[in-house]
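Protein sequences, first through last, are from chains A and B.
In this text, residue positions in the first sequence follow our numbering: the first is 2, and each later residue adds one.
In this text, residue positions in the second sequence follow our numbering: the first is 164, and each later residue adds one.
Be a bit skeptical, because a hint or two may be false.
[To be verified] Output of the computed footprint for chain B on chain A, the stretches with three or more beta carbons under 8 Å from beta carbons of chain B:
hint, segment
1, 66 to 72
2, 100 to 113
3, 134 to 147
4, 150 to 157
5, 166 to 177
[As the list claims (entries may be wrong)] Chain B residues, not near chain A, derived (Cβ > 12 Å throughout):
hint, residue
6, 217
7, 227
8, 299
9, 346
10, 365
11, 403
12, 451
13, 492
14, 501
15, 566
[Stated by the list, open to error] Keeping only pairs whose Cα atoms sit at most 16 Å apart, straight-line, the calculated EDC-like set for lysine to aspartate or glutamate is:
hint, chain 1, residue 1, chain 2, residue 2
16, A, 112, B, 328
17, A, 115, B, 328
18, B, 478, B, 390
19, B, 561, A, 150
These aren't lab readings, by the way, just hints derived from the structure by calculation.
Positions of the beta carbon are idealized from the N, C-alpha and C atoms, including for glycine.
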Amino acid sequence: MRAIKSYSLRRSVVPAALLVLAACGGKPGGDTPARYGIGRAATSQEIAAIDIDVGPDGAGLPAGKGSVSDGATIYATKCAQCHGPKGEGMPPAYPAIVGRDSAGEKFGFAKDAKIAKTIGNYWSNATTLFDYIRRAMPHTAPGSLTNDEVYALTAHLLSANGLLPATAVLDSASLMQVKMPAAGHFVPDDRRGGGTVR
Amino acid sequence: MTDPEQKDGAALTRRDLLLGAAVAGGAALVGLPAVARSQAQALAHVVPPLVPIPEDATKLLGAPTSPVGTRSRFVTASRTPTGEVTGTSFTPLQDLTGTITPSDLHFERHHAGIPLLDPARHTLTVHGMVERPMSFTVEDLRRFPQVTRVYFVECSGNGRGAYRDPKPDLTPQKIAGMTSNSEWTGVRVADIMKEAGARSEAQWFLAEGGDACLLARSIPMPKAYDDALVVWAQNGEPLRPEQGYPMRLLLPGYEGNANVKWLRRLEVGMRPWMTRWETAKYTDPLPGGIARQFSFEMDAKSVITSPCAPRTITKGWNPISGLAWSGRGRIAKVEVSTDNGKNWHEAELQGPSLPKAHVRFAYMWEWKGREQVLLSRATDETGYVQPTRAKLIEVRGKGTDYHFNPIYGWRVAADGAITFHGES
Numbered sequence: 002m003r004a005i006k007s008y009s010l011r012r013s014v015v016p017a018a019l020l021v022l023a024a025c026g027g028k029p030g031g032d033t034p035a036r037y038g039i040g041r042a043a044t045s046q047e048i049a050a051i052d053i054d055v056g057p058d059g060a061g062l063p064a065g066k067g068s069v070s071d072g073a074t075i076y077a078t079k080c081a082q083c084h085g086p087k088g089e090g091m092p093p094a095y096p097a098i099v100g101r102d103s104a105g106e107k108f109g110f111a112k113d114a115k116i117a118k119t120i121g122n123y124w125s126n127a128t129t130l131f132d133y134i135r136r137a138m139p140h141t142a143p144g145s146l147t148n149d150e151v152y153a154l155t156a157h158l159l160s161a162n163g164l165l166p167a168t169a170v171l172d173s174a175s176l177m178q179v180k181m182p183a184a185g186h187f188v189p190d191d192r193r194g195g196g197t198v199r
Numbered sequence: 164m165t166d167p168e169q170k171d172g173a174a175l176t177r178r179d180l181l182l183g184a185a186v187a188g189g190a191a192l193v194g195l196p197a198v199a200r201s202q203a204q205a206l207a208h209v210v211p212p213l214v215p216i217p218e219d220a221t222k223l224l225g226a227p228t229s230p231v232g233t234r235s236r237f238v239t240a241s242r243t244p245t246g247e248v249t250g251t252s253f254t255p256l257q258d259l260t261g262t263i264t265p266s267d268l269h270f271e272r273h274h275a276g277i278p279l280l281d282p283a284r285h286t287l288t289v290h291g292m293v294e295r296p297m298s299f300t301v302e303d304l305r306r307f308p309q310v311t312r313v314y315f316v317e318c319s320g321n322g323r324g325a326y327r328d329p330k331p332d333l334t335p336q337k338i339a340g341m342t343s344n345s346e347w348t349g350v351r352v353a354d355i356m357k358e359a360g361a362r363s364e365a366q367w368f369l370a371e372g373g374d375a376c377l378l379a380r381s382i383p384m385p386k387a388y389d390d391a392l393v394v395w396a397q398n399g400e401p402l403r404p405e406q407g408y409p410m411r412l413l414l415p416g417y418e419g420n421a422n423v424k425w426l427r428r429l430e431v432g433m434r435p436w437m438t439r440w441e442t443a444k445y446t447d448p449l450p451g452g453i454a455r456q457f458s459f460e461m462d463a464k465s466v467i468t469s470p471c472a473p474r475t476i477t478k479g480w481n482p483i484s485g486l487a488w489s490g491r492g493r494i495a496k497v498e499v500s501t502d503n504g505k506n507w508h509e510a511e512l513q514g515p516s517l518p519k520a521h522v523r524f525a526y527m528w529e530w531k532g533r534e535q536v537l538l539s540r541a542t543d544e545t546g547y548v549q550p551t552r553a554k555l556i557e558v559r560g561k562g563t564d565y566h567f568n569p570i571y572g573w574r575v576a577a578d579g580a581i582t583f584h585g586e587s
């Protein structure tokens, strides 16, 4: 008797709850339109002003060029105080960015944390160098370099790492020809949780 | 590679001490450097001069109300700033209880300092493979459906010092203080992508910050449609400047640097951009001449925050208490050992175990005055068990650069003194 009564109570309560929800707009929290119509259109000029990234396929590389020798001059003036005259760095705050020693060539970084990760032994894409210098360097005056200066610094650092002749002039086409020793050493994440520690 | 994340905190600087003394005294600013003097003066309105501690506080009227509260003068919990703009500052895990990290003690990691961004001028621009390139202010974002969730954020370099060079004087703050846990409020990245009309074939998006290095990371598009958020609030108030004010990306379970702060741009595309941070920086060298890339998820981890070094313990019953978390979901179980791993006992999980969030564990223990080593070991809902340091070194090498989640230990000496035990 009691069980039946309780069942009939539930039957009457549930439709009432649904009616309340329906009155509020169909579901808890309101409706979901295809779009909310929030924000405004970004103009192509606005986007161009901040769309500075360079991709590994060269997308985004600007016009311009710079020589290894011009890059060396800029480096001495604007970079050497932190990264060292020859890119040897000032560890621990500023690690080396130039160097191709044998341990690094063997990519033995997991064995020995003391092996410096330089442009020559650990950077997989030359485009990254251009992108990073342009967006973040010099540390105390980011965004102050012209595209030609960024090409020149990129050329100098590639040359210092033995990846470009000292007489080279770098532009978007020749940057894409540079072969980085670290390319091919990087693998996707194979960790998936579960019972295996990787 | 050496970088600021490797520094396991730093002592107070002389300036901090002078400043503290000046503020505490409410005077005596003479002799301070100009910057410290102006900071002390700026703080004077929020930090009242100290009054003598009354013998009986019930016999003296107390302080009046104030616009912004401050901690009790008896509470000294603090981060560990290094004084460098590219530096780190660790959360004092041993001084905290529960699971929420007070916003002003959330760990810090900046690559080019904390930018001063005017929310009236700051916008988030969404472009690339979208039907409608869009621009949103914080006020715009607040009109989308709001989401409030509790998630941890952990720097992938958290624990490097203890992994590579375990020393007896390490504390919870030093071995694990680059994780913090907050209630975040924001909008789903999925809703932003829908509003801009992101194309269905897109595979990645670039997230870029508006700081002085324009920090940028490529994120797989499925994360945008899973649980990614753009947040503007933390623990009930707008984000702290050092946590990305006025808006940041929040990628639950992903390594800290991918949670781009001061977010200014999302570009939708087909392939990763190979930024410096995802190639030369936040990659993990492994044995065999390879390095793991786009290693976003933080492995399950736990740390005992009490008892811990450099404290001492007294005989009798004591709670063993700490935090556990996993970037892959909920913590299923935390076990505690009081005999250096010979026997394990399941600890109590206090409160709900939320996905990708800190959960506190506790285990009551009677210390009888013997030397003992206390360990904790987390298991997450995927079945992943926090490994030993030896196991991690075996599979990743001692020189690997990020993602350190070994079982940690505290050695209790017969006299009750506690030191870090790194060889679990």
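Taking each numbered hint in turn, which are not upheld by the structure, reported in ascending numerical order? Going through the list in order, the structure violates hints 1, 4, 5, 8, 12, 13, 15, 18, 19 and respects the others.
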